[in-house]
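Work out the full structure: start from the sequences and follow the hints.
Numbering (my numbering), first residue to last: 1 to 133.
Derived by calculation from the structure, the hints in this document are not laboratory data. Treat the hints with caution; some may be incorrect.
Said to hold, decoys possible - Label pairs and their computed distance ranges (CB to CB): (1) Pro-108 <-> Arg-32: 13 to 23 Å; (2) Ser-116 <-> Gly-24: 28 to 38 Å; (3) Asp-65 <-> Gln-113: 13 to 23 Å; (4) Gly-119 <-> Glu-23: 26 to 36 Å; (5) Pro-108 <-> Glu-34: 10 to 20 Å; (6) Val-96 <-> Met-118: 10 to 20 Å; (7) Gly-24 <-> Gly-119: 13 to 23 Å.
Remember, predicted model here, so these are calculated numbers, not experimental data. Each residue gets a CB set at the ideal place from its N, CA and C atoms; glycine is no exception.
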Amino acid sequence: MFRMNGWRSRSSRSGRSVSLIGEGSILEGAFRSEADVRIEGEFQGMLQAAGEVAVGEKGIVRSTDLRARDVVIAGRLDGRVEAEGIVRITPTGRLVGTVRAATLIIEPGAVFQGQSEMGQAPQEDASLVIAML
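As structure tokens, this is what we get:
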């Protein structure tokens with residue numbers, strides 16, 4: 001396990017690596033991860049993850065651009081979210097902003113204020129690829 005100022009990386013039960021922004025930690029800027037990301041502290045900025053991003057009950061995210069395979073919100077997320085798969089807001093979760101996902105799940109008790117766009121993540125335009133050849 002790697003740990004530095006509340007941030008650490010470890011393996012999840014599934015064997016995937018998990019990057020953790022721990023409770024009491026504040027991270028600002030651009031963060032990219034090939035792993036899952038769990039946020040129990042505060043994050044502000046741009047976040048891209050190849051796996052799942054989970055915002056814990058005490059987590060606070062202010063996102064200029066959050067992109068991931070799936071997103072689970074049990075804390076607070078303000079900003080723009082884009083997921084290839086599912087965005088799930090749990091009963092303790094609050095999302096204020098814009099969401100684009102293949103599936104949006106708002107559980108009873110959850111708060112969603114903003115705009116949503118359903119559908120697959122944007123794919124490269126085939127006509128543009130042909131024109132480039």
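Structure-based check of each hint:
1. As the Cβ distance of Pro-108 to Arg-32 is approximately 34 Å, the hint placing it in 13 to 23 Å is violated.
2. At about 32 Å, the CB distance of Ser-116 to Gly-24 agrees with the hint of 28 to 38 Å.
3. Between Asp-65 and Gln-113 the C-beta distance comes to about 19 Å, which sits within the given range of 13 to 23 Å.
4. A C-beta distance of roughly 35 Å is found between Gly-119 and Glu-23, which places it inside the suggested range of 26 to 36 Å.
5. As the Cβ distance of Pro-108 to Glu-34 is approximately 34 Å, the hint placing it in 10 to 20 Å is violated.
6. A hinted range of 10 to 20 Å holds for the C-beta pair Val-96 and Met-118, which are about 18 Å apart.
7. Take Gly-24 and Gly-119: their Cβ atoms lie about 38 Å apart, and the range 13 to 23 Å is violated.
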